[in-house]
Amino acid sequence: MIRMRRTKISRFLKLYTSNVSACVGFSIAAGFVILALVVALGGYWVLPYNPLKQNVGPAFSPPSWEHPFGTDQVGRDLFSRVLYATPNALFVSAVIIGWAMIIGMLLGSFSAYHGGRVDEILMRVTDLFLALPGLILAIAISVALGPGLNNMMYALMVGWWPAYARMARGEALRISRYDFIEAARAAGLGSGKIVLNHVIPNLVTTIMIYATVDFGQVIMVYAGLSYLGLSVQPPMPDWGAMVNYYQGYVVSAPWLPLFPGLVIAIVVVGFGLLGDGIRDAIESQT
Amino acid sequence: MPLNLKHNGATDEGAKPNKDIIVDVQDLSVVYKSRMGVVRALDAVSLSIENNKLVAVVGESGCGKSTLALSIIRLLPMPPAEFTGGKIMYRGVDLLDLDEDNMLSYRGTEIAMIFQEPLSSLNPVYRMGDQVAEAIAVRESRVQPSLKKAYFYDKPSISPPPRSKFTLNIKRRSLFSEYEDRVIEALKLVRIPDPEHVVRRYAFELSGGMRQRVMIAMALSEKPSLLIADEPTSAIDVTTQAQVLKLMKNLMDEVKTSILLITHDLAVASQVADQIAVMYAGDVVEFADVYELFSHPLHPYTKGLVACIPSGFKDERTLTSIPGVVPDLRTVYSGCKFAPRCSSATSICRQKKPGLRYVSPTHVLACDLA
Amino acid sequence: MVAVVVIAVIIGGTAYYLSIPPPTPTKPQPTIPKLLVIDHNMYPITSLNQLLDIQMLPWPNYMAFTHFQTLVSVNLTSYFKEGRIEFLPCLATSWEISEDGKTYIFHLREGVKFDNGDPFNSYNVWVQFYGFYWLASNGSNFMYGLSLFDVRNVEYGPATVEILNRSGLANPTTEALAIMEDKSWPIYCEGPYKIVFRLAVPFAKEFFFGMLTGHQGLLYDAQYLLDHGGYGEPANLNPYFNEHVFPGTGPYKVDEVAVNSYVKFSKNPNYWGNQLSKAEIKANAMLDPGHVDQVVVNTKLDDFTRYTDLATGQAHMAAILSENWRLVKANLNFSYAAFETPARNIAVVMNTVIFPTNITKVRLAIAHAIDYDRIIEQVYFGQAVRYFGPNTPNYGTFYNPGKLPPYQRDLDKARRYLEEAGFPNGKGLPSLELKIGSGDTIGMLFATIVQENLGEIGIDVKILSLLPALINAPVGSYQFNLEHAEEIGHLRLNGGYAPDFLSPSNFWLAFVSNRSLWGNTGIYSSPKVEWAVDKFSQTANTAEIIEALKIAEEQIWNDAPIAWVCTTKLWMTAGSYVWDNRIVKSVEFDPNWTGVTDSPLFNTVIFVGEESP
Amino acid sequence: MSRLSYVVRRMLLAMFVLFGVALITFTLTHAISANPVVAFLGKAASIHPEIAQAYIERFHLNEPLYIQFWYYIVGVLRGDLGYSWTRGAYVSNVIAQTLPNTLQIVFFALLMTLALGIPLGILSCRYYNRSPDHGIRAFYLAGICSPAFFVALVLLLLFSYFLRVLPTGGIISVEVARPQRVTGFIILDSLLEGNWAALVDTVKHVLMPSMALALGNFGYLVRLLRSSLLEVMQTNYVRTARAKGLSERTVFLKHALRNALVPVVTLAALMTMWLVGSAIFVENIFAYPGVGHYLAQALGNLDYAAILGITLVFTTMIVLVNLVADILYTVLNPAIEL
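Protein chains in written order, with the working numbering: chain C, 1 to 286; chain Y, 1 to 370; chain D, 1 to 613; chain R, 1 to 338.
Among these hints, one or two may not hold up.
[Stated by the list, open to error] Derived DEER-like restraints, expressed as beta-carbon distance ranges:
| id | chain 1 | residue 1 | chain 2 | residue 2 | range |
| --- | --- | --- | --- | --- | --- |
| 1 | R | Ala31 | C | Met236 | 22 to 30 Å |
| 2 | Y | Pro77 | C | Tyr178 | 28 to 36 Å |
| 3 | R | Glu231 | Y | Ile309 | 32 to 40 Å |
| 4 | R | Tyr6 | C | Leu189 | 38 to 46 Å |
| 5 | C | Gly42 | R | Ile327 | 51 to 59 Å |
| 6 | D | Glu377 | R | Glu175 | 39 to 47 Å |
[What the hints assert, rightly or not] Looking from chain R toward chain Y, a few residues come up when the C-beta cut is under 7 Å (computed):
| id | residue |
| --- | --- |
| 7 | Asn236 |
| 8 | Thr240 |
| 9 | Ala243 |
| 10 | Ser247 |
| 11 | His255 |
| 12 | Arg258 |
| 13 | Pro334 |
None of these hints come from the bench; they were simulated from the model. Bear in mind that the values here come from a model prediction, so they are computed numbers and not experimental data. Note that the Cβ used here is the ideal one computed from N, Cα and C, for glycine as well.
Could you put together the complete structure from these sequences and hints?
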């Protein structure tokens with residue numbers, strides 16, 4: 001069994017690494033995660049300049065070797081500011097996806113395992129949430145709760161778990177038809193135990209793969225809310241907020257809005273390629 | 001048994017030149033290339049089909065019989081498939097030499113094919129009538145190229161009849177309404193009751209047997225010289241199977257065509273075939289008239305197959321089987337591929353691959369032991 | 001591919017920026033545009049209903065339309081001249097003031113017509129002023145919230161409106177005249193071209209006139225209002241006026257309004273000033289009948305789009321703010337509007353009620369830590385002057401009579417104040433909250449600098465960007481502010497508080513006294529200051545007022561409720577109206593509203609190649 | 001189940017969804033601590049407390065929340081979405097004015113999505129795993145991975161500032177005569193009136209916002225169409241069509257594409273959701289007077305009625321699009337039952 005698994009993984013890796021764009025995606029995603037962790041642990045000591053300090057260079061200096069992304073109106077180094085915002089993006093996406101996975105898997109597998117009326121009610125509620133205009137609802141909730149990273153995450157969570165619940169339910173329905181579930185039931189295990197010990201471990205892989213693909217999407221929506229000023233508060237830098245804040249300078253100092261925007265795009269593309277690569281590898285594996 | 005075996009140096013004393021041969025497959029080799037390795041699906045296969053004969057190709061799944069069928073109609077997915085040698089002579093033309101455009105004029109009207117699962121082989125979004133009518137239209141356009149209509153999305157092979165410059169060809173009548181009578185006639189031919197009703201049905205609304213009949217009607221309405229039937233009955237109820245097979249056999253005579261029947265079931269083949277080719281791991285190991293094959297199976301594999309048929313009149317309660325597993329076609333074998341499973345194999349069998357040879361005018365064999 | 005395009009754009013943009021060509025003087029283009037296009041940055045015009053505007057509701061949206069309304073409706077005209085305010089005749093040709101400073105008699109211009117042909121007379125003015133009273137739910141404080149009039153005898157209700165409606169204002173019936181000429185009411189007519197205002201308290205000319213030249217003095221067609229269903233209720237205004245603009249008497253009339261998009265104006269054929277002589281126009285540019293037939297004012301919120309319109313010639317004049325100001329300054333083809341005498345009050349206001357800004361020494365420390373010069377340099381492009389408030393230097397003798405110096409940045413002094421207050425190096429102080437409106441980029445810039453400055457003496461500042469509605473929610477009258485002191489936060493920025501009406505009392509009433517209706521976010525009160533501010537409405541003796549102000553200012557200096565930063569020369573604090581001087585030769589700005597509005601007077605726009613009046 | 005009873009059942013479910021949305025949004029927006037009257041009236045509230053009181057009574061703001069919700073629901077059932085403070089008008093009227101504008105850009109965005117997505121999806125399938133496929137993938141990934149506001153900014157810089165071919169924003173140029181309002185869709189109105197100048201001008205104004213939306217959208221179509229085509233090309237019925245002797249072109253266009261487009265219908269709902277969500281960013285940048293623009297303004301000013309009304313209208317739209325997509329799916333694919 002373990003041997004089989006190992007060959008399966010090595011075959012998957014072989015297929016994955018033979019795909020150039022998938023490798024590019026993986027490098028971007030991994031680079032982003034590593035960078036975010038380094039910055040989160042090291043603070044701004046690991047950055048070329050203190051991202052919050054003003055007048056570290058002349059105001060409005062275009063990109064140069066000293067300031068790769070240029071400086072802003074009060075002479076803050078944009079490169080350091082962009083890098084300093086990476087932990088936020090990682091943190092938000094990880095928390096949102098993590099919670100969506102937990103809620104989704106518990107609810108989905110419980111609903112699928114129970115079936116009947118419980119399933120019906122839970123899935124109707126899920127449908128209700130799926131039908132909500134997600135982004136607009138998230139904006140409305142963020143506005144209601146007031147700006148801030150935590151409030152924004154609550155707002156995003158409301159719209160994020162239903163997709164996971166649906167997927168987990170589908171997967172759990174498939175799994176519960178297997179004999180080992182029947183065997184566990186015959187052995188007298190409680191439904192909670194069966195769901196936790198037998199159903200969920202078997203759907204984790206599928207959900208994890210979906211989550212990887214989803215990572216980029218969270219970053220994108222997060223950037224949108226941040227753009228609307230609902231994320232961390234200044235002077236802490238944040239990608240979306242920076243695009244908004246510097247937007248007016250697009251002619252007079254184009255580097256200011258364009259670099260943060262470009263960084264969002266690159267990171268999301270990275271996760272997109274990573275996800276596509278995983279999907280392709282799994283598809284050609286079967 | 002007009003198999004041309006000169007090229008591999010075998011003796012062909014039994015062979016007579018035969019004008020009736022429609023398809024003559026000579027030493028055809030096909031490989032599948034993938035990331036996981038090269039699979040030699042067909043390894044110098046030879047086979048010939050005479051006019052108005054039903055040839056059955058029998059073998060276990062994975063032995064290459066479907067590859068053979070798809071090779072003849074040139075519908076192998078390429079890549080990953082690739083022809084690495086041999087010829088497919090169709091009425092004196094090597095089909096492998098043709099480019100895709102020229103091959104097109106053979107498909108359907110010369111060589112037609114029906115498939116294993118009629119449900120998935122029929123387009124789910126078109127009605128039966130439309131799909132049969134399309135086949136008829138193909139036939140018409142081949143007979144009279146100027147008839148090539150707007151419903152084919154390709155350039156007419158000869159210039160269309162002159163039209164007024166400003167006439168927009170928007171009057172795209174459905175093919176079915178144009179050929180309604182002939183569609184119904186075609187369905188009647190395959191003994192479909194109430195064809196007027198069936199033409200307006202979708203595939204999922206018909207029974208398995210009915211679907212396969214539509215497939216057959218569709219293929220035959222193109223009046224092909226050769227009909228390839230790839231496991232036509234394996235997805236159908238056992239009761240209907242016999243009907244469909246009988247129908248095919250009868251129609252073969254009615255419309256004067258040949259049939260290449262691909263099946264894994266020797267019993268099925270024995271009911272309808274004139275000749276049977278037995279395939280094993282990408283090779284044709286024995287090819288003979290049906291009575292000859294059953295009366296004198298020579299290849300150990302054929303013997304095994306024949307023995308496997310549970311027969312009602314002998315009082316045998318035990319089912320026999322051939323021990324061992326099918327060889328991995330990714331490895332290159334120098335000897336006989338059946339040798340590992342053969343009880344009478346010798347050391348020569350493992351070293352040298354036996355070629356096809358005539359043992360009688362109606363019997364070709366690839367085994368040095370018999 | 002998009003990534004490639006983006007990179008190309010960045011490189012291109014950078015290259016473009018680096019290679020902004022040295023401005024080359026070009027020949028004036030002789031073609032004179034038929035249509036003048038102005039890109040305006042104001043808060044979106046949300047509702048057209050001028051009854052909301054009259055109610056000053058909903059705040060601050062009402063401002064938006066008013067700005068260009070001055071061209072449609074005209075009132076008195078005022079100018080700043082050599083440190084005092086001078087009033088010029090407009091719809092009122094002359095006036096008389098009683099000795100006690102309580103009665104004002106205005107003689108109105110005869111033969112004036114609204115752009116729809118309705119005649120203008122004193123009855124119109126009368127209905128309009130009682131309209132304010134009605135819409136303020138019969139409150140006596142309908143003029144800027146001040147109780148100027150004794151309204152005890154007034155009975156202006158549906159019955160009155162009904163009588164007026166039957167009578168009409170062109171030739172009122174005796175029944176209507178009996179009401180409008182009733183001298184027991186504080187405002188009454190004496191014949192069709194004479195109107196009298198009787199105040200409850202003496203109010204020096206400069207104060208009362210300043211109000212009449214403000215937005216409540218704009219005169220619209222009251223007959224039109226009566227003809228189309230009247231006012232409605234104070235909380236449920238007549239929706240007819242959502243889509244129909246009141247006619248005015250000004251040089252232009254409104255043709256079309258697309259909410260949040262544009263307003264189209266065209267010349268008013270009935271304008272009374274069409275025959276004015278050059279000399280008369282020169283004396284009061286606001287009366288200019290206009291040079292271009294049609295004017296379009298676009299509402300564009302994004303500075304980049306306004307700059308693009310200006311640079312590509314799609315707009316002749318545009319409001320350019322700090323984002324693109326450097327490009328304007330670098331290009332000699334652009335001219336911009338700047339005040340000779342700045343009127344906008346820019347300050348950091350400290351909450352005097354909540355800990356720790358309730359401690360005077362802490363406030364003084366903050367006032368001495370702020371880097372005023374850097375704010376002027378980096379936020380206002382150096383186009384600002386230091387001052388000590390509340391009045392700004394354009395109020396002449398009313399400005400800083402005690403000649404007190406503005407606070408200067410002195411970190412040692414600031415640290416000393418902190419130590420004396422018991423918080424050496426900020427130890428023991430909580431984070432100070434500084435709330436600003438989301439999307440306020442200039443405020444954000446200002447705030448980050450203040451944040452860093454205070455960080456230098458150990459005070460931690462937390463900037464919170466909130467929705468504009470939430471920012472303004474806890475702010476109101478002094479009493480209201482006191483109830484919401486916690487919500488207001490420790491620090492607030494006045495990023496350009498302009499006077500509501502052109503009177504020296506305005507800033508004092510708003511900022512310092514506990515009689516403040518709005519703007520006293522420091523929640524500051526002091527008996528000395530109250531005493532001084534009371535003088536404004538008690539006496540018409542200017543010298544007495546000024547003496548009182550001296551005492552009050554000294555008190556303020558010591559209490560430091562506000563760190564006065566500067567008053568800016570640019571029309572919009574960190575930006576201004578900019579025009580292409582190859583197309584537009586000259587333009588005047590609204591003298592009535594100096595500091596209140598930002599609008600150019602497009603009747604005074606003269607194109608290059610055109611003759612000046 | 002018959003199609004009609006299916007529709008009825010779905011409608012009932014939609015009612016349930018809409019009620020849920022109204023409840024959630026209502027509770028959330030009203031949970032904001034700020035006094036709505038003060039937020040709205042601001043300065044005037046303290047100058048004229050009488051007016052503030054009149055407004056409080058008019059909008060039942062002194063009642064408990066559930067009573068307010070009751071008034072709201074009763075109003076909604078009568079087609080009254082409440083009074084929008086920021087516009088001084090009824091929400092339903094403002095939405096009626098702005099929704100056509102948004103639908104206009106959504107429509108053009110969908111057109112562009114199809115015009116870009118279908119050919120690129122086909123190309124991507126035909127050149128599976130070859131350089132054109134990789135190129136297309138890079139293109140659409142860059143599109144769907146860039147936030148809408150960023151794409152809008154780049155487009156603005158490119159087409160308005162550098163190339164100077166498209167206007168920076170708005171709905172119609174000032175020098176062009178506005179067509180009479182008939183349908184509310186200004187492009188359609190120009191067309192009906194035969195006002196060519198206005199037609200060209202309004203289309204110019206619509207191009208960039210819809211392009212910004214389409215660039216973020218077409219990638220999903222390419223991706224779906226590519227994989228669905230690849231799948232369909234492997235199916236048995238395509239093999240049958242080939243065996244019939246149909247040319248590759250006919251096989252592709254008549255047999256494969258038709259089937260591959262079926263799942264695209266289900267994508268429509270997702271796309272609508274995405275387009276509507278992105279409209280708030282794009283309309284703001286292009287100062288385009290649509291519902292997104294209105295929503296942004298309502299959010300900034302805590303105009304509850306507007307926020308609620310827009311959310312409800314958007315949800316209704318999404319529910320309807322989903323329903324239509326499901327029905328269309330069964331029409332296109334007769335093998336699927338409702």
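Tested hints:
1. For alanine 31 of chain R and methionine 236 of chain C, the Cβ-Cβ distance of about 26 Å falls inside the hinted range of 22 to 30 Å, so the restraint holds.
2. Taking the beta carbon of each, proline 77 of chain Y and tyrosine 178 of chain C are about 33 Å apart, inside 28 to 36 Å as hinted.
3. Hint check: glutamate 231 of chain R to isoleucine 309 of chain Y, Cβ distance near 39 Å, so the stated range 32 to 40 Å holds.
4. For the pair tyrosine 6 of chain R and leucine 189 of chain C, the beta carbons lie near 40 Å from each other, so the given range of 38 to 46 Å is met.
5. Here the CB-CB span from glycine 42 of chain C to isoleucine 327 of chain R is close to 56 Å, well matched to the stated 51 to 59 Å.
6. For the pair glutamate 377 of chain D and glutamate 175 of chain R, the beta carbons lie near 41 Å from each other, so the given range of 39 to 47 Å is met.
7. Checking asparagine 236 of chain R against chain Y by beta carbon gives a least distance of about 4 Å; that is within 7 Å, so the hint holds.
8. The beta carbon of threonine 240 of chain R is positioned within 7 Å of a beta carbon in chain Y (closest approach about 5 Å), and the interface hint is therefore held.
9. With 7 Å as the threshold, the beta carbon of alanine 243 of chain R comes within range of chain Y, its nearest partner Cβ sitting at about 4 Å, so the hint holds.
10. Below 7 Å, beta-carbon pairs count as interface contacts, and serine 247 of chain R has one with chain Y at about 4 Å; its hint therefore holds.
11. Taking 7 Å as the C-beta cut-off, the interface hint given for histidine 255 of chain R holds, the closest approach to chain Y being about 6 Å.
12. Interface hint status for arginine 258 of chain R: upheld, as the beta-carbon distance to the closest one in chain Y is roughly 6 Å, under 7 Å.
13. Look at proline 334 of chain R: its Cβ gets to within about 5 Å of chain Y, closer than 7 Å, so that hint holds up.
Every hint, counting from the list given before, is met by this structure.
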